[in-house]
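Heads up: the sequence shown at position 140 corresponds to 142 in my numbering, and the numbers run straight through without jumps.
To be clear, the hints were calculated from the coordinates, so they are not data collected in a lab.
Treat the hints with care, since some could be wrong.
[To be verified] Using 30 Å as the maximum straight-line C-alpha spacing, the simulated DSSO-like pairs for lysine-lysine come out as follows: (1) Lys375 to Lys327; (2) Lys320 to Lys375; (3) Lys323 to Lys375.
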Amino acid sequence: MFERTVETSATPHITVAECLGNLVVRGSEAKRITIHARGEDNDVTLEREGETFTLETGVDCFLTCPPDTSLTINVVQGNLKVEGVEGTIAIGDVHGNTSLRTVGHTALTQTFGNLSARQVTGDLVVQITRGNAQIRRVEGSLSVNQVSGNLAVEGVQGNLTADHVRGNVRLGPPFSPGVTHRLNAAGSMTVTLPADASLCLDLCAGGSVRSRVPGLEVEEMENEVQIVLGAGEASLEAQVGGQMRLHPVRPEDSLAHAFSFDSMADLEGLGAQIEASIAEAMVELESRLEDSLGYIDGEKVKRQIERTAEDARRRAEKVEKARQKAEQEAERARLRAERAERRWRRASGRRARSTSVSDEERLRVLRLVEDGKISPEQAASLLAAMEGR
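All chains, please: the whole structure from these sequences, using the hints.
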């Protein structure tokens, strides 16, 4: 178990050059960087130059740092979870799932799994998400170039751009005055609209366009619909290959409950959080276990293991000797029985007959000896009787 703590300022810069396992990064109020890794010293390297740190790890790693740390993560082979780091964050390739919670301005190049992001205090820029994406509460703008799965978005305060979504889209409020949302999806799209929305909608759907918003009539012309709600201060431009659905927000619902994520995206996003949490918990557990084991007498445990192994070896030797002795006694008994029968045949003038015991019968008797049900002497008598019957 690797553990290291380094004192630093409130605003260090950390570069994770490569993590071959799962990576968890969490903000902490203390002005220090702490690294826990599931490996030995040679599995982790940390270099420092002023307030700039470079980390490489070949195993799962749990990293804590000040909240205003700026963070660069080049490659993570497993899952990535970043929480409570509000400095600028740049992420390269994540080969597992990516989970972001309470982070600052973030740019993500590619995640091969699912993306779950919540409470981004700046802009969020995502190039490629190979799985599903769930994004909630972005105080700045959101830009998503490509999502191979489904996309669920709610609470984006700034502009929103989603260029290529291969699955379905769910979009929720707010639609702040002056912002523009542009989305292009191969699947269907559901938009949840608040009652006081001031929005201009320009919709193009390969399927039907339907509205469940009270008082909102949809006049469809060649699958293109233009609707103005209120003063039309915000803009939504969407082109989808499937159906378009407009739903209302019920007044009694909170914002979080009003927006219903796609069930598969929700479950897989939850899976990303769970996997990252498990990785973090395992690192902490190993650290505590290592501390506990420090109080155990290792030599005493080793001696006890050696004694147990020696006792097992001796028992095995006793069983083997008993088996060999039983075979010898059985063979002697067979020879005695044969000699006795030959003498009796000669004395009586009768023809000798073959009375040898079969291998299966002899093996059955030997198993009785090995199981401790009869003694070697009893086995010899039994075989003699069988030979002479």
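Status of the hints after comparison with the structure:
| no. | hint | result |
| --- | --- | --- |
| 1 | Lys375 to Lys327 | 15 Å, holds |
| 2 | Lys320 to Lys375 | 15 Å, holds |
| 3 | Lys323 to Lys375 | 16 Å, holds |
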